[in-house]
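J.: Input sequences plus hints: build the corresponding full structure.
Here the sequence shown is numbered in our numbering, starting from 50 and rising by one per residue.
It is possible that part of the hints are untrue.
16 Å max Cα-Cα, derived EDC-like pairs, lysine to aspartate or glutamate [claimed, not checked]: (1) Lys-106 - Glu-153; (2) Lys-199 - Asp-174; (3) Lys-106 - Asp-67; (4) Lys-106 - Asp-157; (5) Lys-106 - Glu-148; (6) Lys-199 - Asp-157.
Computed spacing ranges between beta-carbons, pair by pair [stated by the list, open to error]: (7) Ser-56 - Gln-196: 23 to 33 Å; (8) Ala-225 - Ser-275: 31 to 41 Å; (9) Trp-211 - Met-50: 31 to 41 Å; (10) Ser-275 - Cys-139: 16 to 26 Å; (11) Gly-161 - Glu-263: 45 to 55 Å; (12) Arg-340 - Ser-56: 45 to 55 Å.
Note that these hints are calculated values from the structure, not bench results.
From a predicted model like this one, the values you see are computed outputs, not experimental measurements.
Glycine is no exception: its CB is placed at the ideal position from the N, C-alpha and C atoms.
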Amino acid sequence: MNVAPFSDLEELAPYASDWDRLAAGNPFRGWAWSSTWWRHYGASGDRGARLCVLGVKNERGRWIGLAPWYVERSAMWGRVLKFLGSGEVCSEYLGLLAEAGQEEAVADAVAGWLAAAREPADRWDMAEWRSVDAEDAATRLLIEALQRRKLAVHCRPGPSCWRIALPPTWTDFFGALSPSRRKKIARAENLWLNTGRTQVHVVHTAEDLAVGQEVLIDLHQRRRESLGERGCFHSSRCASFHREVMRRLLAQNRLLLYWLSFDGRPVAAEYTMRGGSVLYAYQAGMAPESRALSPGHLSMMIGIRHAICEGYRAF
Numbered sequence: 050m051n052v053a054p055f056s057d058l059e060e061l062a063p064y065a066s067d068w069d070r071l072a073a074g075n076p077f078r079g080w081a082w083s084s085t086w087w088r089h090y091g092a093s094g095d096r097g098a099r100l101c102v103l104g105v106k107n108e109r110g111r112w113i114g115l116a117p118w119y120v121e122r123s124a125m126w127g128r129v130l131k132f133l134g135s136g137e138v139c140s141e142y143l144g145l146l147a148e149a150g151q152e153e154a155v156a157d158a159v160a161g162w163l164a165a166a167r168e169p170a171d172r173w174d175m176a177e178w179r180s181v182d183a184e185d186a187a188t189r190l191l192i193e194a195l196q197r198r199k200l201a202v203h204c205r206p207g208p209s210c211w212r213i214a215l216p217p218t219w220t221d222f223f224g225a226l227s228p229s230r231r232k233k234i235a236r237a238e239n240l241w242l243n244t245g246r247t248q249v250h251v252v253h254t255a256e257d258l259a260v261g262q263e264v265l266i267d268l269h270q271r272r273r274e275s276l277g278e279r280g281c282f283h284s285s286r287c288a289s290f291h292r293e294v295m296r297r298l299l300a301q302n303r304l305l306l307y308w309l310s311f312d313g314r315p316v317a318a319e320y321t322m323r324g325g326s327v328l329y330a331y332q333a334g335m336a337p338e339s340r341a342l343s344p345g346h347l348s349m350m351i352g353i354r355h356a357i358c359e360g361y362r363a364f
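T.: As structure tokens, this is what we get:
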């Protein structure tokens, strides 16, 4: 088992396909998301950050694991080890990447490297890992391996991340809803879809994306600001990150960005990502002046119906 540290993104680019294979379809763990995040949040150097990605290979030279980390300087905690994708972009399901069946071996190898890191370029003082899936086997095994090496570990619950298991058909899904929820969906369809005044726009091309991004950002910001919040795209760095990563995800057929317009006016938008058997709902926007008619609720139901029709098992 060989653990190799990487401190330069260009050194990792030739292994992008291995990275994506180990990410197993999760867009937040993939090469496009992680490398784009580093370019926007780490590579500038204004955060005192350095890349610290660990690649794990078996005796045949095959990549079987990857720790997608960077080190950030903190006045209080020193050199802090974090996952790529941390912070304001609100990534989900971060964790140690490992080939199926190799989780324990990868976790033990990475823990051994961390415990023995002595070179100035490898040193770290604290690890702060947020947005980690509590059920992620590889990360759980890494924590246990660190504890066996007498490193102090403190775990606490983070924000909940909801997921809906999807049945084979929309009829099954709709029938399992409460009567009040079914009534709400039927009302929204009558108000929006059955009048002929509503259009659903789906991004397929770079030209569509340019329009869809502006619609999403406008609706999201107006909705959040109407609630007294700043909104995801208030940060120019966050907005730039998403503009780039959406282009890359679209090229991989992993982006599903769509919006609803009523009488030609955008009223709701959904930013979702395809990943294996899951359609990930990441961000949304809604025209605050149309809130009483629940266009956001309808746009999410359209996403769920699409996911079921395409054979996804979770949303």
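J.: If a hint holds in the structure, say so; if it does not, say that too.
T.: Verification of the hints:
1. Lys-106 - Glu-153: Given pair Lys-106, Glu-153 holds - Cα atoms ~14 Å apart, limit 16 Å.
2. Lys-199 - Asp-174: holds, 14 Å
3. Lys-106 - Asp-67: holds, 11 Å
4. Lys-106 - Asp-157: holds, 13 Å
5. Lys-106 - Glu-148: Within the cut-off at roughly 11 Å; holds.
6. Lys-199 - Asp-157: Status holds; Cα separation ~13 Å.
7. Ser-56 - Gln-196: 23 to 33 Å: holds, 27 Å
8. Ala-225 - Ser-275: 31 to 41 Å: For Ala-225 and Ser-275 the Cβ distance comes to about 33 Å; the hint holds.
9. Trp-211 - Met-50: 31 to 41 Å: holds, 37 Å
10. Ser-275 - Cys-139: 16 to 26 Å: holds, 20 Å
11. Gly-161 - Glu-263: 45 to 55 Å: For Gly-161 and Glu-263 the Cβ distance comes to about 49 Å; the hint holds.
12. Arg-340 - Ser-56: 45 to 55 Å: holds, 48 Å
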